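Take each chain as given, in its own frame, and dock them per the hints.
Quick mapping for you: the protein sequence lines, in order, are chains A and B.
Read left to right, the first sequence gives residues 3 to 113 (the working numbering).
Read left to right, the second sequence gives residues 28 to 137 (the working numbering).
Calculated directly from the structure, the hints in this document are not laboratory data.
One or more of the hints may lead you astray.
Cβ-to-Cβ under 7 Å is the rule here; a few derived chain B residues that face chain A [stated by the list, open to error]: (1) G70; (2) L71; (3) L73; (4) Y76; (5) L117; (6) S121; (7) T126; (8) F128; (9) G129; (10) P130; (11) G131.
Going by beta-carbon spacing under 7 Å, a handful of chain B positions derived as facing chain A [as the list claims (entries may be wrong)]: (12) N59; (13) G124; (14) N127.
Owing to the predicted nature of the structure, the values given are computational and were not obtained by experimental measurement.
Quick reminder that beta carbons are idealized off the backbone N, C-alpha and C, glycines included.
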Amino acid sequence: GEDVEQSLFLSVREGDSSVINCTYTDSSSTYLYWYKQEPGAGLQLLTYIFSNMDMKQDQRLTVLLNKKDKHLSLRIADTQTGDSAIYFCAESTNAGNMLTFGGGTRLMVKP
Amino acid sequence: SQTIHQWPATLVQPVGSPLSLECTVEGTSNPNLYWYRQAAGRGLQLLFYSVGIGQISSEVPQNLSASRPQDRQFILSSKKLLLSDSGFYLCAWSVQGQTNFGPGTRLTVT
Chain A
3 GEDVEQSLFL SVREGDSSVI NCTYTDSSST YLYWYKQEPG AGLQLLTYIF
53 SNMDMKQDQR LTVLLNKKDK HLSLRIADTQ TGDSAIYFCA ESTNAGNMLT
103 FGGGTRLMVK P
Chain B
28 SQTIHQWPAT LVQPVGSPLS LECTVEGTSN PNLYWYRQAA GRGLQLLFYS
78 VGIGQISSEV PQNLSASRPQ DRQFILSSKK LLLSDSGFYL CAWSVQGQTN
128 FGPGTRLTVT
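Okay, chain B solo, but in the shape it has when bound (with noise of 0.2 Å):
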C-alpha cells in the first residue's frame, strides 16, 4: 500500500532563518507531488506541484521554492523565512485522480 511520510512534524524557527521540510512516498512510482499550505483557521493553497523529477510547477509567488531529487522525494524550502510563512504545510500525491495527504508539518516562525 501507498504511505507518504513528512518530518519534521513540527518546527519553530525564527526569521530571516533557512528552512527544508521533507516528503517521500512510498508504494507507487511516479506519482504527482504537491505542496500545500492551510493558514490558521483556512482552507489549503496550492504552493507547488511537480509531475515528474526535476519538475516543479508554483502556482503562487512566495517566498519559498521546491525540489524534486527523486521520484518520491519532494523537498520545500526556504533562504530566508517570513513571519507570513507560519502554517500548516501538506504534502500529497496522486495517482489516478485521487489525492492523498501526509500527515502535515506546523511551521511556527517566531
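One chain only, chain A, in its complex shape (with noise of 0.2 Å):
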C-alpha cells in the first residue's frame, strides 16, 4: 500500500530557513499536500503541488517535488516562532481524494 513518511522532529533558530523534507511510494500520486497543525486545533492547508509541477512558490513557503525519487519538501524562509507547528506532508491520487499522511514533523522554531 502507499507510505508516506517524515522525520519527525526539525529545530531552526527564528529567521534561518526550514526545510521539511517527505517521501512516498505510490507512483500515482497526482496531489501532494502540507498541511500545518497548531497545538489542539484542526489542519489547515497550507500548499498543494500537482504531480506535473517541479516547484510552487507562495509566500514564504516553496514546495519542491522530485517525481523521479518520489521526495517532497516544504521549504520555509525567514522561520517565525509562529511557524512553530507539526507540519504533515500528503498525498492523493484521483480517486475520491483519499489522503495519505505521513507522521508528521514538529517544528521548533528557537528565538
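See below:
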C-alpha cells in the first residue's frame, strides 16, 4: 500500500530557513499537500502541488517535488516563532481524493 | 465561502458508552466527506469516506460506523466505546482535489 514518511522533528533558529522533507511510495500520486497543525487545532492546508509540477512558491513557502525520487520538500523562508507547529505531508490520487498522511514533522523555532 | 463545523469540540466518555460526532459543511454541494482519526502524537488515519448521501466506505475494520443522512452532514458513531477509540477526530471535505479539515473533536474514553 501507499506509504508516506517524514522525519519526526526539526529545530531551527528564528530567521533561518526550515526545510521539511517527505518521501512517498505511490507512483500514481497526483496531488501532494502540506498541512500545518498548531497545538490542539485542526489541520490547515498550507499549499499543494500537482504531480506534473516541480516547484511551487507562495510567499515564504516553497514546495519542491522530485517525482523520480518521490521526494517532496517544504521550505519556509525567514522562519518565525509562529511557524512552530506539526507539518504533515500528504498525497492523493484522483480516486475520491482520500489522503495518505505522513506521521508529521514537529518544527520548533528558537528565538 | 465554504466552512466546516464539528461538535462537540471535546468529549469525555466512559468505556461502553455510545458515541455520536457530527460534522456539517456549508457553502458547497455534493462534497466528498471524510472522517480521520489522529491518535496522540501520531499522523492521521482515514476511517470513512463518502461520495454521496447514504454512500459510506470504510478504510479500516473498527468499532465505529458512519452515516451521511444529508448531502452536507456526516456522522460518526459507536454503540460501545473502547479505550482505544480515544483520539482527535477530524472531519474533512474535498472538492476538485483540495481537502479541508474541520476543527476536530478530541475524544477521551475513560
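Checked against the structure, which of the hints given earlier come out wrong? No numbers; nothing is violated.
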